[in-house]
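Whole structure, please, built from the sequences with the hints as guidance.
Each chain, letter by letter, is given below.
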Amino acid sequence: MRVHFTVNGRPQQADDVWEGESLLYVLRERLGLPGSKNACEQGECGSCTVRLDGVPVCSCLVAAGQAEGREVVTVEGLADHARQRARATGDGSSGTSLDEAKGWQAHGADSRTGEGAELSPVQQAFIDAGAVQCGFCTPGLLVAADEMLERNPSPSDADIREALSGNLCRCTGYEKIMDAVRLAAARQSEGV
Amino acid sequence: MPTNGVPAKITQGSGAKGGIGESTLRPDGTLKVTGEFAYSSDMWHEDMLWGQILRSTVAHAEIVSVDTSEALATPGVYAVMTYDDLPTEVKHYGLEIQDTPVLAHGKVRHHGEPVAIVAADHPETARRAAAKIKVDYRELPVITDEASATAPDAILIHEHRDDHHIGHVPHPNIVHRQPIVRGDVAAARGRADVIVEGEYTFGMQDQAFLGPESGLAVPEEDGGVHLYIATQWLHSDLRQIAPVLGLPEDKVRMTLAGVGGAFGGREDLSMQIHACLLALRTGKPVKIVYNRFESFFGHVHRHPAKLHYEHGATADGKLTHVKARIVLDGGAYASASPAVVGNASSLGVGPYAVDDVDIEAIALYTNNPPCGAMRGFGAVQACFAYEAQMDKLAAKLGMDPVELRRRNAMEQGTLLPTGQPVDSPAPVAELLRRVKAMPMPPERQWESSEGADVRQLPGGLSNTTHGEGVVRGVGYAVGIKNVGFSEGFDDYSTARVRMEVAGGEPVATVHTAMAEVGQGGVTVHAQIARTELGVAQVTIHPADTRVGSAGSTSASRQTYVTGGAIKNACERVREKVLDLGRRKLGSSHPAWAHAELLLEGGKVVTDGGEVLADLVDVLGDEAVEVEEEWRHRPTEPFDLRTGQGNGHVQYSFAAHRAVVEVDTELGLVKVIELACAQDVGKALNPLSVEGQIQGGTTQGLGVAVMEEILVDPVTAKVRNPSFTDYLIPTILDTPTIPVDVLELADDHAPYGLRGIGEAPTLSSTPAVLAAIRAATGRELNRTPVRPEHLTGTA
Amino acid sequence: MDFLRPASWEEALAAKAEHPTAVPIAGGTDVMVEINFDHRRPEYLMDLTRIGDLYEWEVGQDTVRLGASVPYASIMEHLRTELPGLALASHTVASPQIRNRGGVGGNLGTASPAGDAHPALLAAGAEVEVESVRGSRRIPVDDFYTGVKRNALAPDELIRAVHIDKADGPQQYSKVGTRNAMVIAVCAFGLALHPVTRTVRTGVGSAAPTPVRAEAAEDFLNAALEEGGFWDNGKTITPSVAKQFADLCAAACNPIDDVRGTASYRRHAVGVMARRTLTWTWESYRGARRTTEGAA
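Protein chains in written order, with this note's numbering: chain A, 9 to 200; chain B, 35 to 828; chain C, 177 to 472.
Any given hint could turn out to be false.
Just a sample of chain B residues kept apart from chain C, beta carbon distances all over 12 Å, derived [to be verified]:
1) Leu174
2) Gly432
3) Met433
4) Gly537
Selected chain A positions facing chain C (in silico; Cβ < 8 Å) [to be verified]:
5) Met9
6) Ser30
7) Gly51
8) Glu52
9) Thr57
10) Val63
11) Pro64
12) Val65
13) Ala71
14) Gln74
15) Ala171
16) Ser173
17) Gly174
Hints in this document: simulated from the structure, not taken from any laboratory. Backbone N, C-alpha and C fix where the C-beta goes; we use that ideal spot for every residue, glycine too.
What follows is the structure, given as structure tokens:
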């Protein structure tokens, strides 16, 4: 079957989709967006977390056909998403800026290192706090953490733990992830 | 569409300044947070096929027939292969003993053993085709434990053993046996005022790395193949893969793809050979990605163990003797079992000084899932048992458990039961002192103005208690782990370091085959190069087999050995650069000839700080490159009868204090805090060190209270191969983990460093168990502890 | 496999009538796991996420009509007052991501004894509104579960909504799992006080082939509360009554040993949860009573 939906602000189409494919598979294998991860494919680890019409879900549990016409934000679009949110809630200016129009892929990051990429506060905080080791859980955690900070800009530790309880990490013991989310929240509240 | 996601070079640029000792940030951090880091399952190639493995549905059976005709006839299927299709006479592989069939031949020995492989144009096509392969099994009785393995009429798991252990094992269903005998236990027992005995069980733990086994094999025009793979040791894979393919090693090119964690589970091969076989057969790139279900069958697990211990002590708490028998279940294939036996036995008394020791460790062949390497590697199982024994002994002596440990703590110079002196700092007592001195977490943190916050209570969000039945307990443990490959293994690494001018500044390129599995080796490598070569820009070349072996990313050895190799290569590069400078500019200043010269800040400087030249001017258009092997001090095998021998090269020590709260009525546990003190020799990157300690601690917590692969004792089939029923700790299960890092240099190691990755996994589990015992008063001689064990309803 | 995308409830019913083997999928939290792991290959998948009606709820005089696909997150957020037991149960479901997607209709459709919503529905009192092209009917939740992962639906029927009695008293829900989040129930227990009818209702999950009520325990407790005048005098429930209630709840279980727990543990834990939830709800009832009296 054919499926259309919007990913990170861009209309996308996938052809010859087998009906049993998940949104995760379509993102990774058909749309060239492997950032959402395939750790468990049973909704137990959160590594495939994306925003589906704004709501964090496990993309492994969304049938591809269910995404028809929906809006998806993946880790690849997180920085842009955060930027647009900051603009929308920040200086009150309206309209689409040139930057926004370019879309996430247009940013001039070095593909070998990612250097020069503009990151969302939570992405930067994960790097700075040492919350990334193997990094396989990271994309899902970032999408979940970013959404929590959107709803709850100054979370308690218990709030952070609850919001991230659907995202398994096997490397870090979560301590640096806690540090990262606290750091992102602090920077966000300072407007950094 | 994505292009073939070959991992790119990772440049650690000027934004990440810092040499050793600084918490520089990961060079791959940006790629990892933007989703652009190419893991092995992200690989993609035009026209690629998908590989699928058909696995045995039974644990032990003769294969009467395999019929692939219907699968082959499925539209979209390009190849179906069985044992009969293997191209050469080499049809087995293995880390030490080549006992593992690439595809089952005549017999399957464990549940989930690969029988056939399929390549098709879509994963679903491949799955459907695999399901059409008809395998006729004639089931055999299963061997699941020591009794059934060594029974007089026991079926031999491997009928024709010719490995080098068969000569000294008491039964062919025993992979390896290692006794460690020192002193006179019988006489020492006579001096003991108290003796405690215990029988302990350690459950089968899974590495549960999040990135499933996966890779992409691309056939090449010269008849070879290029494999993009997540592994812990490229060259070990290569040595096992090439003979099966019938290719010389230089025609099997391997590049490390992004690795989503490893923890020992990627030391053995998984889909490597299968993907290469299918690629060579079809002439097309083949990708294989296990799902989580298959992953539980796709790699070895931590050996479950039965451990019997006897400890004796004098009334003042000095150990008189330790007697132990450790039975490790290696499952159907040998994997790393012999080395695990070596560790469990040689480190079997823990970080304590005791003169009279009698230990026997064995690993069995059974029809259970194969077991091999996992973080802590044999030392974990032993630590769980000897630390329980120390608590038991303390209780019987009426002594504080930390005080008992302190009185027996090993020090520098102490002899291990193998007779080997510990020749670097062994601050066991100090680590215990530090972890005990940390402030205790406040009591009853769940209480809030709005009633009980269940997130802070045992049971968490499941709302099982509002404080009822909750009792706090505190427990301590300490452990010892060897660093590096032991027992005479030639443990080396290779580093190629190049220095040249690029973009107007000096740049160092570090090329090794080190598998970055998340531990941060790439960060440290760049730090070493910056420290040694005085440059800001360091490029980490992708790990591949175009450079010599780096050895395994395991045994806490990579920073020591590959770090050592890079340091060594950098020193050689520095000498060559200075030689170049002397040739080009030596006449310009007398210091070139006479002073001690350093490379700092992109310049050649004297030890007095005088700048002699810019590296840019010294190098000009030339590149200086060095590739060299580097090895740590040699070790020797343990004597097969006595276990005596200088088998280890370095040790790593960590101590934990666990604070738990147990809902004693429901048997649910919340770990409140898990404090750790560890000696790391030298923290090359303090942020990464903490991350390793906290991560290792959490894996120890997991096997204390929830993680266990359950194998049916009747069928030997795995009962919980999923993340629904194999539980690993969530962020709500993981407490704060304060870390106290001690840095006592090991003068034998580069920068005085110690391997750090494994030690925290050892003592975490027994500390949590001790805390639960303290809270419940129960004996608890197995791990993981389940609610049944805490409520008498097992 | 065919993917059916009915745009309306009527289309869905027509499709289900035409293809009775079609597997409805909404949140996908059960169905997609089975597909991903190759445990199930339905001939037809029928996507229900386009039917807006299923995502709506109405708070009526006595009941809440809860659309089958209203996600657990919405129940937690919006229906805590009306459906406190179900809101607590919803909070124990898996993870935030799953709670954003899964709903009670899926729990009922799968009818796993471990489904988190069942004990809360049984305790509160509920009817399942099901429909086919042949017509609509309401099945009392007590009659809905017919066996392990079997329910009272006819092959052509779909679950449209659940009508749940609004709480007229305190409700509680507890679930035992061996992890502090994201865990399938080893066993679960729901309890609702119904001061209006002076009854107590229970629901037990994962401790029998189907979710069940502990009816003997309810009968005992209802009688004991009546006899002791507890509803009126608001006294603390005596420990012996609580214990017998707990024992009878445990006795209502018919559990198995499996990878998640032993039968013996499940019985034990159900007893503990029964006693604790009774205490929590009763103390809450007493507190509310005192507040009311104080105000009067």
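Output the numbers, in ascending order, of every earlier hint that fails for this structure. none
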